[in-house]
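Chain A is already provided as a structure; the job is to place chain B on it using the hints.
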Amino acid sequence: MEEFRQPIILAFVALYMGICIWVGIWAMRRTKSASDFFVAGRGLGPVVVSLAVFSSTLSGFGFVGGPGLVYATGLSSIWMAVCSALGYATGFYLVAKRIRMVAEVRDTMSLPDVVYARYGSEAARLLTAGTILLGVLGYLATQILAMALVLQSILSATEMFADISLLACVVVSSAVLIFYCVTGGILASVYTDLVQGIVMILAGALVVITAANVFEGGFAEASSVLLTNDGADIMPFGTLGVMASLSWYFMFGLGLAGQPHVATKMMMNRNLSDNRVILPMTVFGYLIAAMLWISVGIVMRALVLGDVQLPIGSADQAAPVFLSTYAHPILAGVVFAGLFAAIMSTADGFLNIGAAAVTHDIPKAIRGRSLENELFWARVATIVLSIIAASIALLSDQLVALLGAFGWGTFAAALVPVVIIGLNWKGATARGAIVAISVSLLINFALQIWQVQIPYAMSGGFVSMLTSMILFIGVSLMEKPKPLPRDIDRIMEL
Amino acid sequence: MKSIHFVFVLLLIIAGITAYIFMAEQPPGATGLQHTSINGLSVGGDRGSQVSALGNAPYYFQVAVILLAGAMLYMGIAPHRRDAQLKLFFAVGLGFALFVWTMVYTGYEAYLATGESNIAFGFPVPTTWMLWGIWGSFVVFDLFYVVAFRRYFLPKEDEAAFDALVREIKSEQEAL
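Protein chains in written order, with our numbering: chain A, 1 to 494; chain B, 1 to 176.
Just chain A, with the same shape it has in the complex:
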């Protein structure tokens, strides 16, 4: 079977992409309004929502960047994953119920809509939409680039596509993504998330079993190899040290519910009581899929430091090299499909909230109403955003890095205080929200532009998130809060 490895991998990837296209066509028939396009008419069942929430959280980073980081720096980055139980608890204790209630009462379609409903401030809505748009472009550019690089690595290993260009891979992979996002909107996005989530869980579980069997003594032997070679890497804080790890824990644990592509999905469930089922399914799905991140990184590092495997070219090759060397061809096919699933499930969520920002939120903030024929313009915006992001990915490494900084940390810093605290504290004010978002953007931009090295490798996102949370509460405490609209006030009593 080994001689068919590449065709098998290609077949799995092609099958997966075919399913995505089919889901796009299926969802197109059910997408009749902007509300269907952006929030699926708030009619999704608990299984779909839970898999959509977890698969959106774990992007391609969890399948490629994560194992690469463990290979390069030991367990430092695992603090981003072990905080997931806290992250989801924060999301469901503080956001899920209220955001769903606000969505129903105010017929909101996006997170900026919710921010407006809570604060009654167009400036806060505009800043939230602007933050989302910047973040979406950055995240999308990095995800499209990752998707194209993976496709190129698969295709270039075959005789027929040995010289395939990165541009061609960007076009092919983006075309599938754009197709199902444009035709089916969020409905296609969440139903492909369902497929993607299942593939990711399957891939995670199978890879852990494979990784555990690479060394005869399992993970215990891999740990012993690492302990005798360096030791710091397999200890809880890895080689980057304790403060880098703890700053990630803070940012990822408390920041998860501030991610707009995650919070938006909490508006889509059919019944409020479904949250009781959605939370445990989400936590379980993430746990299984994230095990790939930990196990592949540790085993590859132990193999290289134990002189069993030759050093790899770059850390990001840890997962691909592991799959091509140690995984059965069918498993490699499932995992490569899972990798595309991980990337696409995050990218489609971003495309959707980005299109909402362009056609719904920003026009509403500026001229008081969204664009006419919103569904049509949402589809156009989805295509335009994809093309801009793909162009950024292809043409400017620097811009990718700069916009990439508007990723997790920026969303967490800008939106955690405004959304998580704001929906649970009546004393929060619009001025507090505006100051928190503005300062967090400034800090993140400044850290990126001036390439500021923070002591002990602490995360820049942590610094901006901590600052914005303090400013948000501090500014709000200094003001006399305005009375809330009756509906919002009553929701916040529940």
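Wrong hints could be hidden among the right ones.
What the hints assert, rightly or not - Computed cross-link-like contacts, DSSO-like style, restricted to lysine-lysine with a CA-CA straight-line distance of at most 30 Å: (1) B:K170 - A:K32; (2) B:K2 - B:K87; (3) A:K426 - B:K2.
The hints are simulated quantities; they were obtained by calculation from the structure and are not laboratory data.
Coordinates of chain B only, in the frame set by chain A:
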């Protein structure tokens, strides 16, 4: 003290510890050293000097973060539903999280002092505490959400009150 004030104080404490860490002199190799022969792979360097440069600041930092997480989760429960049993659960749950964190940190310090660690469940003991304990200490809160959903998070009367609000708004909109 209201929850929000507690959250604010904890944020200021975290900011204070962070400022102290920023001002502490960073020993060479505190964030890892490039491996001598393998490109793209870093090794630990002198971990002991990093810990001694910061004292117990990282320990107290994480204690404050765990308490902050607890205080924020507590804010998610409507004030009139915060009864004694809820407070007991939060006290026990956060106590468990602090215990786990203490096991991670002291286990790590013991490793730095001796250079040795036993393997348990496939990993060095402090790492096993980190992988399963740190994750598990907040899974307890996830499970509590499932078990106590109808008591604290969405009681039937709250659901009915919300349905009434929706009906009220719809009838107002129809009247317009």
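Against the structure, the hints:
| no. | hint | verdict |
| --- | --- | --- |
| 1 | B:K170 - A:K32 | 22 Å, holds |
| 2 | B:K2 - B:K87 | 14 Å, holds |
| 3 | A:K426 - B:K2 | 12 Å, holds |
Of the numbered hints given earlier, the model fails none.
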